[in-house]
Amino acid sequence: GQSLEQPSEVTAVEGAIVQINCTYQTSGFYGLSWYQQHDGGAPTFLSYNALDGLEETGRFSSFLSRSDSYGYLLLQELQMKDSASYFCARGGAGNMLTFGGGTRLMVKP
Amino acid sequence: DAGVIQSPRHEVTEMGQEVTLRCKPISGHDYLFWYRQTMMRGLELLIYFNNNVPIDDSGMPEDRFSAKMPNASFSTLKIQPSEPRDSAVYFCASITSLAGLNTGELFFGEGSRLTVL
Chain P
1 GQSLEQPSEV TAVEGAIVQI NCTYQTSGFY GLSWYQQHDG GAPTFLSYNA
51 LDGLEETGRF SSFLSRSDSY GYLLLQELQM KDSASYFCAR GGAGNMLTFG
101 GGTRLMVKP
Chain E
110 DAGVIQSPRH EVTEMGQEVT LRCKPISGHD YLFWYRQTMM RGLELLIYFN
160 NNVPIDDSGM PEDRFSAKMP NASFSTLKIQ PSEPRDSAVY FCASITSLAG
210 LNTGELFFGE GSRLTVL
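Residue numbers (my numbering), protein chains in the order written: chain P, 1 to 109; chain E, 110 to 226.
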C-alpha cells in the first residue's frame, strides 16, 4: 500500500495560498520531494527537503519536519496554470522515489 | 541537452500481443527507473537499474513483464502477453548518482500511453 498520504483534491481561487500536506513512513527515509504533473504530461520536479525547515523557490515553498514525518507544499499567488496534480515522493536507498497518490489542485477564477 | 526519450508515445494493441516500450536516459545518468501510472494505483515503481544492472524488480507485477538495459543509453520494458489491465502510462526516469540523494530530482520522459483492448 501507499507509504505516503496526501489529500486527493484541493480547490482554491486565483491569487490565494494553498497548502498540500503529506505524511510518510519513516523507514529508510532520506528526504521528501515534490512533483507537479499536468494532465497528459510527465511529472516535473518542484523541490526537495532533506533537512527540517522551509525551502523556498519563487511562489512555491516546501517544508519538512522529520520528527513528525510530515511535510507540505505551499503555493502562493495561485495562477490558473497551477491547476495540476501534485505528488510528494519519499526518497530512499538507491535513489528510489516512492510517490504518494497525488493531490489534484483546481484553481478557480 | 535532450531529456529522457521514450517511444512509442502511444500504443494501442490487442490482448495477447507483445508490447515493447523503449527508453533513452539522459546521457551520463547511471540510474534508470520504470514507473507505471494508473488512476487506481497512482505512480508505481516497477524496476530500476544502476549502471545497467537491475537493482530492484520487486514492483514488476508478474512474469509477463520483463525489462532490460543492454547499455547505458537504452532500456526496454516488455509485456508478453499483454492484458487489458496493463493499460496505463509507463514512464521512464533517470538520475545521476552524483546528484541523487542530494536533490531528490528524477528526470522523467513524456511517457508511453498503452491501451490494451
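No lab work stands behind these hints: they were computed from the structure. A portion of the hints provided could be inaccurate.
To be verified - 25 Å max Cα-Cα, derived DMTMM-like pairs, lysine to aspartate or glutamate:
{"hint": "1", "chain 1": "E", "residue 1": "Lys187", "chain 2": "E", "residue 2": "Asp139"}
{"hint": "2", "chain 1": "E", "residue 1": "Lys177", "chain 2": "E", "residue 2": "Glu219"}
{"hint": "3", "chain 1": "E", "residue 1": "Lys177", "chain 2": "E", "residue 2": "Asp165"}
{"hint": "4", "chain 1": "E", "residue 1": "Lys133", "chain 2": "P", "residue 2": "Asp39"}
{"hint": "5", "chain 1": "P", "residue 1": "Lys81", "chain 2": "E", "residue 2": "Asp139"}
{"hint": "6", "chain 1": "P", "residue 1": "Lys108", "chain 2": "P", "residue 2": "Asp39"}
Note that the structure is predicted; figures quoted are calculated from it, not measured.
Evaluation of the provided hints:
no. : hint                : result
1   : E/Lys187 - E/Asp139 : 21 Å, holds
2   : E/Lys177 - E/Glu219 : 20 Å, holds
3   : E/Lys177 - E/Asp165 : 12 Å, holds
4   : E/Lys133 - P/Asp39  : 23 Å, holds
5   : P/Lys81 - E/Asp139  : 33 Å, violated
6   : P/Lys108 - P/Asp39  : 16 Å, holds
Checked against the numbered hints given earlier, this structure breaks only hint 5.
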